[in-house]
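Sequences listed follow chains X and Z, in order. The first sequence begins at 1 in our numbering and counts up one residue at a time. The second sequence begins at 1 in our numbering and counts up one residue at a time.
Do not rely on the hints blindly, as some may be mistaken.
[Claimed, not checked] Taking beta-carbon pairs under 10 Å as the criterion, some of the chain Z residues facing chain X (in silico):
no. : residue
1   : Val36
2   : Ala53
3   : Phe132
4   : Leu172
I should point out that these hints are in silico values taken from the structure, not numbers from a laboratory. From the three backbone atoms N, C-alpha and C, an ideal C-beta is built for every residue, glycine too.
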Amino acid sequence: MNCPLSGVGLGFRRDIADLLLNWGDENKPRFVELAPENWMSLGGASKVLLEKVAAQYPITTHGLSLSIGSPDEIDFGFLAQVKDFLDRFQIEHYTEHLSFSQCNNVHLYDLLPVAFTNNAVEHVAAKVARVQDFMKRELILENISYYTNVPSEMSELEFITKIAEKCGCGLLLDVNNVYVNAFNHSYDPYAFLNSFPLDKVKYIHMAGHTKVSEDLIIDTHGEEIIQPVYDLLKFVLPKLSRVPILLERDFNFPENPEDLKRELRQLNRIENEVIKQSYHA
Amino acid sequence: MRKKLEAQREDLEVNMNAFFNFCLEGKLGEVAVQDVSRIWNYRRLVFTVFEDALSTAYPIAKSIMKKANWIDLVTGFMKENRHAEKELWKMPVELIGYCEEFNIAEKTDMPYLVDLLRFEWAETIVFCEKDFSDEEAERFVFQYKEQTFLFGPHFRLVDSKWEIHTGERGELRPTFYFVYRNADLQASYLLVPPIYAYVIQNIEILFVEGVEEFLKILEFSTQVPESELRKIWEQFFSSFCRLGIIKQVNRIE
Chain X
1 MNCPLSGVGL GFRRDIADLL LNWGDENKPR FVELAPENWM SLGGASKVLL
51 EKVAAQYPIT THGLSLSIGS PDEIDFGFLA QVKDFLDRFQ IEHYTEHLSF
101 SQCNNVHLYD LLPVAFTNNA VEHVAAKVAR VQDFMKRELI LENISYYTNV
151 PSEMSELEFI TKIAEKCGCG LLLDVNNVYV NAFNHSYDPY AFLNSFPLDK
201 VKYIHMAGHT KVSEDLIIDT HGEEIIQPVY DLLKFVLPKL SRVPILLERD
251 FNFPENPEDL KRELRQLNRI ENEVIKQSYH A
Chain Z
1 MRKKLEAQRE DLEVNMNAFF NFCLEGKLGE VAVQDVSRIW NYRRLVFTVF
51 EDALSTAYPI AKSIMKKANW IDLVTGFMKE NRHAEKELWK MPVELIGYCE
101 EFNIAEKTDM PYLVDLLRFE WAETIVFCEK DFSDEEAERF VFQYKEQTFL
151 FGPHFRLVDS KWEIHTGERG ELRPTFYFVY RNADLQASYL LVPPIYAYVI
201 QNIEILFVEG VEEFLKILEF STQVPESELR KIWEQFFSSF CRLGIIKQVN
251 RIE
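Model the full assembly from the supplied sequences, consistent with the hints where possible.
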């Protein structure tokens, strides 16, 4: 396997392929992240592009289709393809979402929240164990954003904590999702982060979002990161061991690449400050 | 333990199915959420995912179709189709079967619709499909004039009752499209005459039997005289070589 990732990376999308391939040395992303489903079965120009990017950057992946919370059985044929892809690019972790996107073998291509119930914890735990066993690597699950409350026996925080304890998996802390959920469901994001099982966090996502009404934010990955989300990162980062940070941007890319570079610089600055502080401490 | 897991699964299924189906069908039914107004955001988000993937795969069909019909097509497809493809980029192929089953061509007054979708999907698939391994590409190799050639191998033949590639409403005119991955790895197409289409439809015989046997079989099935067929083959061979669709190889590259 490659050395574990570190530093600040950038989500790889075709729209920014040229930018990534001609970045230069200054403040270059330390790694790129992509969805394995969007690349693993492609040949031709897409494969060539991926190989060019992989020659310049360490790659990590963030899956979309595992559907770990789904009542459906695990699709081991699909997992085998993902495993091949991860092996090929020597990717250490399998990161995915704590969500479901499949029911009765029908696919939705979007992430729905799992009910915060004890049954769901048991069910997800059983599936995580089988996935990790098959993939021969740790599964890292992301706290997703959700816009409506689902049938629950516990809070989101309790649910994630139980999952992390019971499943033996790592967590991907999406700081923007914490902000989005806290806003949409009226809780304190700082209190949430204080109680979050931070010892399980292996990776951080940062992104922008879109406020669609006075009381609702949608996690679009189509805008710049806002200051309150940077503030949450500054708050949580010193509480973590050193983990890689990813800037996610899926669409509505800025016309001026400098805008994207500025966001990366800001994330690097925050990370460096935290490293400096911990060194002096 | 197994029974317990089974019971948990059933419980989860009840809770999740309604939510899941709502996203595809837009009917609230048994959905158990506290804030009904917000659940519509999921419906909108899922619609956007589907619409975006279908627009990317079928830009010509979308550009020709009336906007309201396109929206109806996407929502109908979301609701009625069992979306079996796990990878999003492959999902649009299922629209073709849906349009056939629900006779969308007639409903949208686009009798050429299914042929157009097949043509556009052929472009997507030759562009995207996985590169063949050397072993797989061996199936597309043939010997001719003591040399070895590779045909394609990323291509599709679309047999259309309509001329549909112009970006305008289809004309009722039988047309054969040879869609292939070109040297720049982009999808290209050729309008080919029916005899070329027939050659391509039967091209596997060439790979198995060789050129001479292939021409004999074509002569038998088409009743075109052997000398005429040989001329056609030579023209086909040289034009496909010129376009890089047939390449001389020493070994499979």
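Comparing the hints with the structure gives:
1. Val36: Hint on Val36 (chain Z): holds, closest Cβ of chain X at ~8 Å, below 10 Å.
2. Ala53: holds (7 Å)
3. Phe132: holds (8 Å)
4. Leu172: violated (33 Å)
Hint 4 alone, counting from the list given before, is not met by this structure.
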